[in-house]
Amino acid sequence: MTIYFIQAFVYLLAAVVAVPLAKKLGLGSVLGYLIAGVIIGPITGIVGQETVTIQHFAEFGVVMMLFLVGLELHPQMLWKMRNRLIGLGGLQVLLSALFISAVAYFLGQALTVAIAIGLIFSLSSTAIVLQTFNEKGLSKTEGGKNAFSVLLMQDIAVIPMLAFIPMLAIPELVALAEHGKAAAEHQEQLSLVAGLPTWAFALAILASISSVVVIGHFLSRPLFHYVAQSGLREIFVATALLIVIGIAALMSLVGLSPALGTFMAGVVLANSEFRHELESNIEPFKGLLLGLFFITVGAGIDFVVFTSNIATVIGLTITVMVIKGSVLWGLANLFKIRNSDRWLFALSLAQAGEFGFVLLSFSLQNNVIPEHIAQILQLVVALSMFLTPSLFILFEKVIMPRYQVSGSSKPFDVIDEQGKVIIAGGGRFGQVVNRLLVANGIKTVVMDLDASQVENLRTIKIKTFFGDATRPELLHTAGIDNTSTLVVAIDDRESAKSLVHYAKHSFPNIKIITRAYDRGHNYELRQAGADIIVNETYHSALEVGAHAMTSLGYHPFLVEQKKYAFVKTEVQASQYLYEKWSLRSEGEQYDHDYRKLFMQIEEAIKEAMQSDRIDKHSHDERGWTPPPKGYENDFD
Amino acid sequence: MKNNKILLLFAHPSKHRSSVNAPMFEYAKSLDYVTAVDLYAQYPTYQIDIDKEQQRLNAHNVVIFQFPFYWYSTPSILKEWQDLVLEYGYAYGQGGDALKGKLFICAISAGGKEEAYRAKGYNHFTVRELLQPLEQTAYITGMTYLPPFALFSSRSAQTSGTISAHLKHWKTLLQALHQNTIEPDTTESLITINDLLDTSEN
Chain A
1 MTIYFIQAFV
11 YLLAAVVAVP
21 LAKKLGLGSV
31 LGYLIAGVII
41 GPITGIVGQE
51 TVTIQHFAEF
61 GVVMMLFLVG
71 LELHPQMLWK
81 MRNRLIGLGG
91 LQVLLSALFI
101 SAVAYFLGQA
111 LTVAIAIGLI
121 FSLSSTAIVL
131 QTFNEKGLSK
141 TEGGKNAFSV
151 LLMQDIAVIP
161 MLAFIPMLAI
171 PELVALAEHG
181 KAAAEHQEQL
191 SLVAGLPTWA
201 FALAILASIS
211 SVVVIGHFLS
221 RPLFHYVAQS
231 GLREIFVATA
241 LLIVIGIAAL
251 MSLVGLSPAL
261 GTFMAGVVLA
271 NSEFRHELES
281 NIEPFKGLLL
291 GLFFITVGAG
301 IDFVVFTSNI
311 ATVIGLTITV
321 MVIKGSVLWG
331 LANLFKIRNS
341 DRWLFALSLA
351 QAGEFGFVLL
361 SFSLQNNVIP
371 EHIAQILQLV
381 VALSMFLTPS
391 LFILFEKVIM
401 PRYQVSGSSK
411 PFDVIDEQGK
421 VIIAGGGRFG
431 QVVNRLLVAN
441 GIKTVVMDLD
451 ASQVENLRTI
461 KIKTFFGDAT
471 RPELLHTAGI
481 DNTSTLVVAI
491 DDRESAKSLV
501 HYAKHSFPNI
511 KIITRAYDRG
521 HNYELRQAGA
531 DIIVNETYHS
541 ALEVGAHAMT
551 SLGYHPFLVE
561 QKKYAFVKTE
571 VQASQYLYEK
581 WSLRSEGEQY
591 DHDYRKLFMQ
601 IEEAIKEAMQ
611 SDRIDKHSHD
621 ERGWTPPPKG
631 YENDFD
Chain B
1 MKNNKILLLF
11 AHPSKHRSSV
21 NAPMFEYAKS
31 LDYVTAVDLY
41 AQYPTYQIDI
51 DKEQQRLNAH
61 NVVIFQFPFY
71 WYSTPSILKE
81 WQDLVLEYGY
91 AYGQGGDALK
101 GKLFICAISA
111 GGKEEAYRAK
121 GYNHFTVREL
131 LQPLEQTAYI
141 TGMTYLPPFA
151 LFSSRSAQTS
161 GTISAHLKHW
171 KTLLQALHQN
181 TIEPDTTESL
191 ITINDLLDTS
201 EN
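So the sequence lines, in the order shown, correspond to chains A and B.
Counting in the working numbering, the first sequence runs from 1 upward without gaps.
Counting in the working numbering, the second sequence runs from 1 upward without gaps.
Treat the hints loosely; a few may be bogus.
Claimed, not checked - Using C-beta positions, here's what the derived DEER-type ranges look like: (1) Glu-603(A) x Lys-79(B): 31 to 41 Å; (2) Pro-472(A) x Asn-180(B): 57 to 67 Å; (3) Ser-76(B) x Gly-479(A): 39 to 49 Å; (4) Arg-233(A) x Tyr-70(B): 53 to 63 Å; (5) Asp-32(B) x Pro-472(A): 34 to 44 Å; (6) Arg-233(A) x Ser-76(B): 50 to 60 Å; (7) Lys-15(B) x His-539(A): 19 to 29 Å.
Claimed, not checked - Incomplete in silico selection of chain A near chain B, CB under 7 Å: (8) Tyr-564; (9) Gly-623; (10) Trp-624; (11) Pro-627; (12) Tyr-631; (13) Glu-632.
Claimed, not checked - Calculated from the model, a selection of chain B residues having no Cβ within reach of chain A, i.e. all distances over 12 Å: (14) Lys-5; (15) Val-63; (16) Glu-87; (17) Gln-94; (18) Gly-112; (19) Phe-125; (20) Gln-158; (21) Leu-167; (22) Ala-176; (23) Thr-187.
Derived by calculation from the structure, the hints in this document are not laboratory data.
All residues carry an ideal CB built from backbone N, CA and C; glycine is no exception.
Next comes chain B alone, as it looks inside the complex (with noise of 0.2 Å):
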C-alpha cells in the first residue's frame, strides 16, 4: 500500500502559552513524512499566499486541521484560509476536484469536559456536531472525513497528566494516517476518533 503525505496546518494565535498543541507541532515536525504548517508565523498579517497554499494542498493526501477550539469553531486564520485557498473552481464547483480522495480530519484541544459536550451538559452539542460546517466542507471538496482527534479539559491537561497519553495517541494516529491503515467506514459512528486509538494501542 501507497504511503500518505500528511499536511498538518497549525492554528494557534498565541502558542507561547500553548501546553498541548506546542508538543503535538513540534512532535509533526520532526516527522520527515509530516509537512507541518503554523499558519500564524507564516502569515502574521494574515496575508494568505493562495498559491503556494493550494501547491501544498496537491502535494500531499491528508490534511489535518490542528487548532485548540475556540467558540465552538476554529480561530480566524484558518477560516481566512478556507475562504481564500478553497476556491471555486480549485476546491469545489467546475473544475475543482483538486481536493478529492484526500484524508480530511482535525485535531482539536477543548477547554470543557467531555461530558459537557453532549446533549444534556452544558454545551448540548458534541464536537462531531459543532465541526459539521468543516465535515460539509470536506463532503463538498471530495474528501474523505475523519472524526476529530480531541483533548477535553486541556486547560488542566498539565496538571492532571493526560498530556503524555494524549502525545502517544498522537504518535499513533500520525502513523496510522501515513500508512493509511484507517478504515473510514468504521469511523462514521464515532464521536472522536480517540476511541478507535484506545482499541488498537491495545
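For reference, chain A alone in the conformation it holds in the complex (with noise of 0.2 Å):
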C-alpha cells in the first residue's frame, strides 16, 4: 500500500509544478505533463516499470474525452459532418499508411511488417490535440473542426485495424512465440468473441452498438432520474462513472475501441437533459486521466534505447511528421480548407498518437512487428507527441498572426453562435422568461433542481437541463464562458444571492438579472452584485391595482400616468433606502429611521399623487396639461 501512495504522490507533485509552469510559459499543458514524465521517469528514475501498467490505465482518459466530445455532439450534426468524416479522414487514414508503409518497405523492411508501420502511424493523437483546441480556444475553428473529423473517423477506423493486423503474422515469430505460448495462455484477454465465426463476431457487433443507443436512448432516462431523487450528488457522479465504465467494459468484451463505444453513447446522450450534469461529473476524472496519461508518455521514454538509436528516431520522426503533414496538407487543398486553418489542420495532426501504442504492442503480441523494432518505433510515436505541443506554439505565434494582419481587413464572419443566456430555475418564473427569449430566436440553457419539473418542460418542448445551477462547474459547463446575460430565476432566496455573487465574481462583464422575493431580498442582491433586480411580485401587484382604479371608473389612460409617477417616486427614493439599509445594524432587518424614512416615501407618492388633483395650473402639475386660461392674451 505504502508504495502506491508513493507513486501517487510522485506523479501528483510532478503535474502540480510542472503544469502551471508550461502554462506559464505559454508551452500549454500538454507539454508540461510530458516534461514531468520525462524527469520523473528516465531522468531522476524516481518511476520505473509501472509506467506501462498505469498508461494502460490512464488511457481510460482518452474514453471519457470522446465521451465529452460525444455528448457535445447531437446526432444531427454528427449527421452533418458525415462528408468530412468519410472523405476528410478515410483519405487520410488510407493516404497516410500508404506512403508511410512504401517508405517503410523502402527502407528495407518485409511487406507486412511496413504495412503494420503504415497503419500504426496513421492514426494521430486524440488527446494531445482535443486537450489543446479546447484550451487554446481552437475547437470552433474551420481548421479545428476538420481535424476533429480527421480523429473522429481515426478511432472509427482502429476497430478494422485490430481485425486485419493479426493477419500480418510473421511465421517464423509466431513459430518462436508457439514455445512460450503455454506460459503466456493466462494473459490472454478476456473476451466474449474469442473463437467465434465471423458472421457471429458481427452480430455480436451489431448487437452491443445497438444496445448502447437503445439503452442510452430509453432507459438512461429513468435511471437518472431514479438517482435525481435520491438528492445524493456522490450517486449522481457513481451513474455517470457506472456510464461510461460499463459501455467500455461492453466494447472491450466484444473486441471494439472504448473510445467508440463511449463516443457513441455521448452522442445518444447529448439530447438529454441531463447532459450538462453528466459533463461537470465525468470532466475531472477525465482531465486527471488525461494528464496522467501523457506523464507516462514522457515517463515511458527509454533513454538506452533513445540514445544509441538517436539518429535513427529523430530522422524517423522527422519523416513521419512530414509524410502526414503533407498528406494532410494536400487534403486541406483538396477540401477546401484555407488561410490558417490549413496550417493549423497540417500541423495539428502530423503526429503518431496514443492509439499507436495501443497498436503497436497489439502487433507485437501478435508477431507482426519484431521487438528491437517495436522499440524504436515506440520512440519514434512518442516523440512525435513530444514535438507536437511545439507546433502548436510555433502555429500561435507564427502563422497565426500573419493570417490575422492580412484577415483583417476582410468582413465580419457571420456569427453562428449567437450569445446565449442561462436561465437559472426553470419553474413559473423562469418559464415565461424561456418563452420571450426563445419566440425572438435567442439561444437559452435553462437549468433546474426539480427532475419531474425538468420532465414537465421537457414533454412541452422547452429544452431544459437538470442541474443545481448554483454549482459552480454546471455553470462552467453551460457555458457561462461564453454567455452575455445570466437569468436568475430561482425561488429558493439564499441559493439565488450565492449564485449571483458567485456569477458577478467570477465573471464580472456578465449581465445579471434577477428576480428577487421582497425589498430586504432585492437589497441583499444588489449587494451580491445584481445588474437587475425584479421584485417577482411588484409588476402585478401594480396592474391588479391599476385595475382597481379603472372599475372605479378612473380613465384607464390617467392610471397608467398614475402608475407610471408610482414607480417613478419609488425609484428615485430606492436609493436612498438602500443606502439607509445597508447601514443597518447586525441582526435587523429594517431599523427606525429606515422605516420613518419608509413612510416619507410614502408620503411623497401620495403627493405625487395628489398633485394633478388640484384645479388650477401650477408646475408640479404635469403631463397634457392646458395653458392657463386667458393665456392667448399674452401674445397680444
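Both chains are given apart, each in its own frame, so use the hints to dock them into the complex.
Printed below as a string of C-alpha cells:
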C-alpha cells in the first residue's frame, strides 16, 4: 500500500509543479505533463516499470474525453459531418498509411511489417490535439472542426485495423512464440467473441452497438431520474462513471474500441436533460486521467534505446511527421480548407498517437513486428507526440499572426453562435422568461434542480437541463464563459444570493438579471452584485391596483400615468432606502430610521398622486396640461 | 466665435430596419459636441421624463429633430415629446423663454421622390410646407428655424448609392451647426438646407 501512495505522490507532485509552469511559459498543459513525465521517468528514474501499467489505466482518460466530445455532438450534427468524416478522415488514414508503408518498405522492411507500420503511424493523437484545441480555443475554427472529423474517423478505423493486423503475422515469429505460448496463456484477454465464426462476431458487434444506443436512449432517463430523486450528489457521479465504464467494458468484451463506444453513448445522450450534469461530473476524472496519460508517455521514454539509436529515431520521427503533414496539407487543399486553418489542420495532426502505442503492443503480441523494431517505433511515436505542442506554439506565434494581419480587412464572419442566455430556474418564473427569449430566436440554457419539473418542461418541448445552477462547475458546462446574460429565476432566496455572488465575482462582465422575493431580498441581491433586480410580485401587484382604479371609474390612460408616477417616485427613493438599509445594525432587518424613511416615501408618492387633482395650474402638474385660462392674450 | 453644442433627438420606431437614419445617428453619437438621444430607446413606454428633457434642452444651443417622415409629420413619440416637454412657462407664455435664441432644424428621410413634394406632384406640398407646424413651434418658442435637411427616395437609397453622399452632407451640416457658420437669413427661401451644403462643399 505504502508504495502506491508514494507513486501517486510522485506523479501528482510532478504534475502540480510542471503543468502550471509550462502554462505560464505559454507551452500548454500537454507539454507540461510530458516534461513532468520525462523528469520523473528517464531523467531521475524515480518511477520505472509501472508506467506501462499506469498508461493502460490512464488511456481511460481518452475514453472519457470521447464521451464528453460525444455529449457535445447531437446526432444531427454528426450526420452533417458525414462527408468530412468519411472523405477527409478516410483519405487521411488511407494515404498516410500508404505513403508510410512505402517508405518503410523502401527502407528494407518486409511488406507485412511495412503495412503494419503504415497503419500504426496513420493515426494521430486525439488526446493531445483535442486537449490543446480546448485550451487554446481552436475547437470552433474551420481547421479545428476538420481535424476533429479526421480524429473521429481514425478512432473508427482502429476497429478494422485490430481485425486486420493479426493477418500480417510473420511465420518465424509465430513459431518462436509457440514455445512460450503455454506460459502466456493466462494473459489472454477476456473476450466474449474469441473463437466465434465471423458472422457471429459481426452479429455480436451489431448487438452491442445497438444495445448502447437503445439503453442510452430509453433506459438512461428513468435511471437518472431515479438517482436524481435521491438527491445524493455522489451517487450521480457514480452513475455517470457507471455508464462510461460499463460501455467501455462491453466494447472491450466484443473487441471494439471503448473510446468509440463511449463516444456513441455521448452522442445518444447529447439531447438529454442530464447532459450538463454528466459533463460536470466526468470532466475532472477525464482531466486527471489524461494528464496521467501524458506523464506516462514522457516517463516511458527509454533513454538507453533512445541514445543508442538517436539518429534513427529523430530521422524517422521527422520523416513520419513530414509525410503526414504533407498528406494533410494536400487534403486540406482538396477540401478547400484555407489560410491559417490549413496550417492548423496539417500541423495539429502530423504526430502519431496513443492508439499508435495500442496498435504497436498489439502487433507485438500478434508477432507482426519484431521487438527491436517495435522499441524504436515506440520512441518515434512518443517523440512525435512530444513535438506536437511545439508545432502548436509555432502555429500560434508565427503562422496565425501572419494571417490575422491579412485577414483583418475581410468582412466580419457570420456569427453562428449567438450570445446565449443562461436561465437558472425553470419554474413559473423562469418559464415565461424563457418563452419570450426563445420566441425571439435567442439561444437559452434552462436549468432546474427538480427532475420532475425538467421532465414536464421537456414534454412541452422546452429544452431544460437537470442541475443545480448554484454549483460553479455546472455553470461552466452550461457555457457561462461565453454567455453575456444570466437570469436568476430560482425561488430560493439564499441560493439566488450565492449564485449572484459567485457569478459576479467570477465573471464580472456578465449581466445578471434576477428575481427578488421582496424589498429586503432585493437589497441583498444588489449587494451581491446583481445588475437588474425585479421584485417578483411588484409589477403584477401594480397591474392589479391599476385594474382596481379603472373599475372605480378612473380613465384608463390616467391610471397608466398614476402607475408610472408611483414607480418613478419609488425608483428615485430606492437609492436612499438602500443606503439606509446597508447601514442597518447587524441582526436587524429594518431599523427605525429606515422605517421612518419608508413612511416619508409613502408621503411623497401620495403627494405626487395628488398634485394632478388640484384644479389650478402649477408646475407640479405635469403631462398634457393645457395652458392657463386667458393665456391667449399673452401674445397680443 | 463660440462653438455650439448640439442636441439630437432621434425618433425611429423600427431602428433595426433603418438604412439611412441609423448610420446618421451612429455617426452623430461619435461626435463629442453632439448629445444624441434615441427617444424610442430611452422611453420605450412613452413615459417621457419632462425634467430631464428640459435640462437637456437648457444645456444645448442647437436642437435637431431627426426622424423618418411619417404621414407628413413626425413619428408619434416626437409629438408626445413636444406635448410634454414644451410646457407653458418653460417654452412659451409667461416666463417661457428657455428656448429663445437656439437653432432648430429637422433632419428627415422621405420615401417619396423629390418631384412628388411639389404643387404639381402627388404630395402637393414641399417638405418645408408640410413641416410648417414645427416651423411655427420654433417661432413661438423663440428658436431660429432652418429649412429641413432631407433625403428623398429613401427606400431606394441603399441600392442607388445616395446614402454615402447624404452621410457626407450630414457630416458637413453637423460641423457647420457646431461652428455656427450657417447664416439663417440666407436659408429663408430654401426648401431644404441640402442646396446650401452642395455649394459650400465645392
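Here's how the hints hold up against the structure:
no.: 1; hint: Glu-603(A) x Lys-79(B): 31 to 41 Å; in the structure: 35 Å, holds
no.: 2; hint: Pro-472(A) x Asn-180(B): 57 to 67 Å; in the structure: 58 Å, holds
no.: 3; hint: Ser-76(B) x Gly-479(A): 39 to 49 Å; in the structure: 41 Å, holds
no.: 4; hint: Arg-233(A) x Tyr-70(B): 53 to 63 Å; in the structure: 60 Å, holds
no.: 5; hint: Asp-32(B) x Pro-472(A): 34 to 44 Å; in the structure: 42 Å, holds
no.: 6; hint: Arg-233(A) x Ser-76(B): 50 to 60 Å; in the structure: 56 Å, holds
no.: 7; hint: Lys-15(B) x His-539(A): 19 to 29 Å; in the structure: 26 Å, holds
no.: 8; hint: Tyr-564; in the structure: 5 Å, holds
no.: 9; hint: Gly-623; in the structure: 6 Å, holds
no.: 10; hint: Trp-624; in the structure: 6 Å, holds
no.: 11; hint: Pro-627; in the structure: 4 Å, holds
no.: 12; hint: Tyr-631; in the structure: 6 Å, holds
no.: 13; hint: Glu-632; in the structure: 10 Å, violated
no.: 14; hint: Lys-5; in the structure: 26 Å, holds
no.: 15; hint: Val-63; in the structure: 21 Å, holds
no.: 16; hint: Glu-87; in the structure: 8 Å, violated
no.: 17; hint: Gln-94; in the structure: 6 Å, violated
no.: 18; hint: Gly-112; in the structure: 32 Å, holds
no.: 19; hint: Phe-125; in the structure: 26 Å, holds
no.: 20; hint: Gln-158; in the structure: 17 Å, holds
no.: 21; hint: Leu-167; in the structure: 19 Å, holds
no.: 22; hint: Ala-176; in the structure: 32 Å, holds
no.: 23; hint: Thr-187; in the structure: 25 Å, holds
Violated hints, in rising order: 13, 16, 17; the structure is consistent with all others.
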